[in-house]
Amino acid sequence: MSAWHVSGPMAERYASGSAAEPEAWSLEKHIESCGPCAVRVSTAVQRSPAGLVIAEIRATVLAGRTPAAAPVRWTARMMWAAGPAVRGAWLLSLAAVIGGALFLAYGVGFEGARPLLLALSPAVPLAGVALSYGRYSDPMHEITAATPYGGLRLLLIRTAAVLAVSVPLLAVASALLPDPAGPPGAAAWLLPGLALTLAALALGSYTGCRIAATVLACAWVMAVLAPLAGPPALAAEAARLVSGPDAQAGWAAAAVVCAGLLAVRRSSFDHLESV
Amino acid sequence: MRPARGDLPTGEDRGERDDAALLRAVARGDADALAVLYDRHAGWLHARLTRRCADPETVREVLQDTFVTVWRSARSHRGGEAGGWLWVIAARRLVDAQRARARADRPLREEPAPDPAPSAEERVLAGLEYGEVGAALDRISPELREVLRATVIDGLTTREAARLLGIPEGTVKTRALRARRELRAALAQLASDTHPLGGMA
Amino acid sequence: MTTAENAPEAVRVTGLTVRHRRTVALDAVDLDFGTGVHGLLGPNGAGKTSLIRVLATVAPASGGRVELLGHDASAHRDRPLIRRRLGYLPQEFGYYPGFTVREFVSYMAWLKEMPAPSVADAVESAVDRVGLMDRIDAKVKTLSGGMVRRVGIAQAIVNEPELLLLDEPTAGLDPEQRVEFRALLRDVGRTSTVIVSTHLVEDVAAACEQVTLIESGRVAYRGTTAELTRLGEASPDEGASPIERGYTAALRSHRGTTTGRDQRTRSSWGTGAQR
Numbered sequence: 001m002s003a004w005h006v007s008g009p010m011a012e013r014y015a016s017g018s019a020a021e022p023e024a025w026s027l028e029k030h031i032e033s034c035g036p037c038a039v040r041v042s043t044a045v046q047r048s049p050a051g052l053v054i055a056e057i058r059a060t061v062l063a064g065r066t067p068a069a070a071p072v073r074w075t076a077r078m079m080w081a082a083g084p085a086v087r088g089a090w091l092l093s094l095a096a097v098i099g100g101a102l103f104l105a106y107g108v109g110f111e112g113a114r115p116l117l118l119a120l121s122p123a124v125p126l127a128g129v130a131l132s133y134g135r136y137s138d139p140m141h142e143i144t145a146a147t148p149y150g151g152l153r154l155l156l157i158r159t160a161a162v163l164a165v166s167v168p169l170l171a172v173a174s175a176l177l178p179d180p181a182g183p184p185g186a187a188a189w190l191l192p193g194l195a196l197t198l199a200a201l202a203l204g205s206y207t208g209c210r211i212a213a214t215v216l217a218c219a220w221v222m223a224v225l226a227p228l229a230g231p232p233a234l235a236a237e238a239a240r241l242v243s244g245p246d247a248q249a250g251w252a253a254a255a256v257v258c259a260g261l262l263a264v265r266r267s268s269f270d271h272l273e274s275v
Numbered sequence: 276m277r278p279a280r281g282d283l284p285t286g287e288d289r290g291e292r293d294d295a296a297l298l299r300a301v302a303r304g305d306a307d308a309l310a311v312l313y314d315r316h317a318g319w320l321h322a323r324l325t326r327r328c329a330d331p332e333t334v335r336e337v338l339q340d341t342f343v344t345v346w347r348s349a350r351s352h353r354g355g356e357a358g359g360w361l362w363v364i365a366a367r368r369l370v371d372a373q374r375a376r377a378r379a380d381r382p383l384r385e386e387p388a389p390d391p392a393p394s395a396e397e398r399v400l401a402g403l404e405y406g407e408v409g410a411a412l413d414r415i416s417p418e419l420r421e422v423l424r425a426t427v428i429d430g431l432t433t434r435e436a437a438r439l440l441g442i443p444e445g446t447v448k449t450r451a452l453r454a455r456r457e458l459r460a461a462l463a464q465l466a467s468d469t470h471p472l473g474g475m476a
Numbered sequence: 477m478t479t480a481e482n483a484p485e486a487v488r489v490t491g492l493t494v495r496h497r498r499t500v501a502l503d504a505v506d507l508d509f510g511t512g513v514h515g516l517l518g519p520n521g522a523g524k525t526s527l528i529r530v531l532a533t534v535a536p537a538s539g540g541r542v543e544l545l546g547h548d549a550s551a552h553r554d555r556p557l558i559r560r561r562l563g564y565l566p567q568e569f570g571y572y573p574g575f576t577v578r579e580f581v582s583y584m585a586w587l588k589e590m591p592a593p594s595v596a597d598a599v600e601s602a603v604d605r606v607g608l609m610d611r612i613d614a615k616v617k618t619l620s621g622g623m624v625r626r627v628g629i630a631q632a633i634v635n636e637p638e639l640l641l642l643d644e645p646t647a648g649l650d651p652e653q654r655v656e657f658r659a660l661l662r663d664v665g666r667t668s669t670v671i672v673s674t675h676l677v678e679d680v681a682a683a684c685e686q687v688t689l690i691e692s693g694r695v696a697y698r699g700t701t702a703e704l705t706r707l708g709e710a711s712p713d714e715g716a717s718p719i720e721r722g723y724t725a726a727l728r729s730h731r732g733t734t735t736g737r738d739q740r741t742r743s744s745w746g747t748g749a750q751r
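Protein chains in written order, with my numbering: chain X, 1 to 275; chain Y, 276 to 476; chain S, 477 to 751.
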């Protein structure tokens with residue numbers, strides 16, 4: 001430390017803005033490392049007209065205090081786990097499907113709203129899966145792929161998040177819709193939905209999830225809508241595909257087979273160049 | 276813990292915690308420590324920012340941002356002088372604010388690397404309190420001084436200095452070179468005026 | 477964290493071949509890399525990125541054997557063990573729009589399975605090392621290109637990787653930042669294996685001890701930076717620095733021995749050699 005320090009008059013000159021440049025530079029450089037001189041200059045400035053503004057800023061800073069180095073909150077962790085689907089277009093489309101069904105039922109009085117929602121429901125998680133993982137869906141894919149979580153593990157976590165968001169919402173929505181009486185029941189789509197989701201993952205191990213989910217969603221919608229002729233036919237069609245113990249058992253078996261295939265193909269998600 | 280609200284600290288405050296201890300306390304979330312730190316440093320930071328930016332509203336924003344940043348990132352302070360650390364934050368904030376103002380956002384460009392080694396002049400300037408440098412500075416033009424101040428005193432990079440001063444980076448570089456040359460000449464002349472035989476500084 | 481491995485080389489590659497559809501990106505390459513900073517030089521399209529991506533376990537090898545940190549990279553079970561100790565900065569990477577710098581780096585720390593209590597500190601120290609501490613709670617999307625790149629470097633080093641892979645890390649950094657970045661590289665290189673792919677010869681000259689020159693999918697030259705510089709001193713080219721001349725000389729001599737190889741690359745190289 002040198003013996004040079006900021007004198008009282010010099011601090012006053014600096015505070016009033018009348019200090020010449022060389023003197024100001026010396027002072028500025030010096031108070032960066034000399035606490036007492038910094039205080040002397042600050043005090044001089046606070047006594048000057050600028051003191052008012054400085055006091056105001058002081059109040060703002062101390063009022064709007066934020067915790068230092070906030071630890072990561074669990075809600076943030078949930079968002080991380082959820083991945084890209086549960087924050088963007090997919091969430092909007094989920095809301096659109098549910099809102100549309102409710103509008104059709106109560107706004108227009110369309111009787112087939114519930115079968116329609118049931119018919120569409122299995123495709124909703126598929127869309128979520130398509131948007132969850134892979135080079136084209138996930139902007140962070142290239143760096144996440146090089147982490148231990150990358151690959152099937154991340155894909156499963158994100159699929160679970162998609163299901164965790166869509167299943168309760170769709171279930172509630174379908175329970176809110178007027179019941180046309182008769183099959184299919186409000187929960188009938190669950191097993192098909194799960195089976196299709198697992199099928200998308202299994203097929204995705206060959207083609208990438210985006211293609212797999214798109215193909216399966218299209219196939220499902222076509223299977224439901226192909227013989228379409230108005231709401232009663234749609235209800236019947238949906239019923240044929242999902243209701244009854246046989247159909248449900250079939251979907252359960254399909255889900256198990258797809259899960260098995262997925263387990264066998266697990267390592268293929270580590271390198272999916274084409275996804 | 277010492278309540279410091281309201282009363283202005285004076286230079287002779289004995290027994291106060293030093294700045295490093297204050298910053299550690301701020302890192303733990305101690306608002307009183309932040310208040311003390313503010314009272315010690317906000318004044319000169321405000322004056323120093325005002326010398327570099329004519330718009331009081333910008334100065335106000337920058338000063339506020341600076342202390343919000345301090346509040347959040349005090350734990351990244353790795354020893355060293357608190358005053359210097361604060362100025363680095365404030366200077367960056369000021370540059371950002373100026374950039375936001377003049378958002379002419381051109382794409383980033385590669386440039387030839389400049390000479391990173393500090394020159395003799397820089398070392399002299401870093402210890403400005405000595406002798407003839409002040410007199411020498413008086414002899415060079417204001418726009419050269421401005422560039423010197425930004426790059427040497429404020430520790431800004433060429434790009435930051437350019438944004439702060441609102442001039443192209445190339446101009447900053449040529450002016451910095453010219454300023455050094457003129458400063459060197461002025462110093463040499465002073466040296467020969469005062470000590471005919473000796474070196475300077 | 478960083479335990480000195482028994483295996484002296486973090487990376488051992490034998491007969492590595494990578495094909496993209498019909499083109500051969502890497503042609504039976506043998507390489508090994510130990511502790512220190514290694515420069516991977518070569519014209520654009522030479523196969524540098526393909527090599528980095530295989531070493532990052534992001535892309536599969538079409539043939540040959542890749543051993544990373546003592547584990548076989550092709551073994552699915554070993555991959556998490558490798559990835560936990562890996563840092564990877566791709567040439568391009570994305571992020572979720574809402575992420576702050578802190579969230580982005582924390583997310584990557586979580587994906588790298590870092591123990592939760594150490595994450596907050598590790599994130600701050602990584603962000604501090606790239607000089608972005610004052611922007612840690614800013615949204616990534618508000619940062620400039622150079623700053624985003626530094627965020628990418630921060631996520632790569634957050635787990636103090638034993639193997640750090642950087643693909644064109646200095647793109648978008650200004651000269652001062654590049655100087656700081658090279659110092660960071662040398663620092664990491666004291667205990668870890670760092671591989672930096674670049675087309676800037678000056679990056680290599682300033683930060684790397686070892687140079688590997690790749691051209692048209694083959695290793696054209698290996699040696700220390702000093703050796704490459706010496707090669708350049710003996711070469712007649714005017715106007716370039718010795719190491720740049722060395723680069724050119726090594727490339728020429730490699731091309732001389734592999735005549736008839738793809739001529740296309742010849743026109744696309746060169747930003748590195750023009751100062």
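Don't take every hint at face value.
Unchecked claim - Computed Cβ-Cβ distance ranges for the label pairs, DEER-style:
# : chain 1 : residue 1 : chain 2 : residue 2 : range
1 : X       : 107       : Y       : 330       : 48 to 58 Å
2 : S       : 570       : X       : 164       : 23 to 33 Å
3 : S       : 538       : X       : 257       : 44 to 54 Å
4 : S       : 667       : X       : 268       : 45 to 55 Å
5 : S       : 551       : X       : 103       : 49 to 59 Å
6 : S       : 659       : Y       : 307       : 29 to 39 Å
7 : S       : 706       : Y       : 410       : 41 to 51 Å
Said to hold, decoys possible - Beyond 12 Å from chain S on every Cβ pair, some chain X residues (computed):
#  : residue
8  : 79
9  : 83
10 : 88
11 : 147
12 : 218
13 : 244
14 : 245
15 : 267
16 : 269
Quick caveat, the hints were computed from the structure, so don't treat them as lab data.
Virtual Cβ for every residue (Gly too), placed ideally from N, Cα, C.
Verification of the supplied hints:
For the pair residue 107 of chain X and residue 330 of chain Y, the supplied restraint of 48 to 58 Å holds, since their beta-carbon distance comes to about 54 Å. The hint said 23 to 33 Å for the Cβ distance between residue 570 of chain S and residue 164 of chain X, and at roughly 25 Å that hint holds. For residue 538 of chain S and residue 257 of chain X, the hinted distance range of 44 to 54 Å is not satisfied, since their beta carbons lie about 31 Å from each other. Judged by the Cβ atoms, the range 45 to 55 Å given for residue 667 of chain S and residue 268 of chain X is violated: they are separated by roughly 34 Å.
Range check, residue 551 of chain S to residue 103 of chain X: about 53 Å between beta-carbon atoms, so the 49 to 59 Å window is met. Remark: the range hint 29 to 39 Å for residue 659 of chain S to residue 307 of chain Y is upheld by a beta-carbon distance near 38 Å. In this structure, residue 706 of chain S and residue 410 of chain Y meet the distance hint of 41 to 51 Å, their C-beta atoms being roughly 49 Å apart. For residue 79 of chain X, the non-interface assignment is contradicted: its Cβ lies about 8 Å from the closest Cβ of chain S, within the 12 Å cut-off.
Residue 83 of chain X, annotated as away from the interface, has a beta carbon of chain S within 12 Å; the closest lies near 9 Å. Non-interface call for residue 88 of chain X relative to chain S: violated, since the shortest CB-CB distance, roughly 9 Å, does not exceed 12 Å. The Cβ of residue 147 of chain X does not lie farther than 12 Å from every Cβ of chain S; its closest approach is about 4 Å, which violates its non-interface assignment. Chain S leaves residue 218 of chain X outside its interface by the beta-carbon criterion, the shortest separation being 27 Å against a cut-off of 12 Å.
With a cut of 12 Å on Cβ distances, residue 244 of chain X stays outside the contact zone with chain S, its closest approach being about 40 Å. Against chain S, the non-interface label of residue 245 of chain X holds: every CB pair exceeds 12 Å, the least being about 38 Å. Listed as outside the interface, residue 267 of chain X is inconsistent with that label: its C-beta sits roughly 4 Å from the nearest C-beta of chain S, within the 12 Å cut-off. A Cβ of chain S approaches the Cβ of residue 269 of chain X within 12 Å, the least distance being about 10 Å, so the stated non-interface status is violated.
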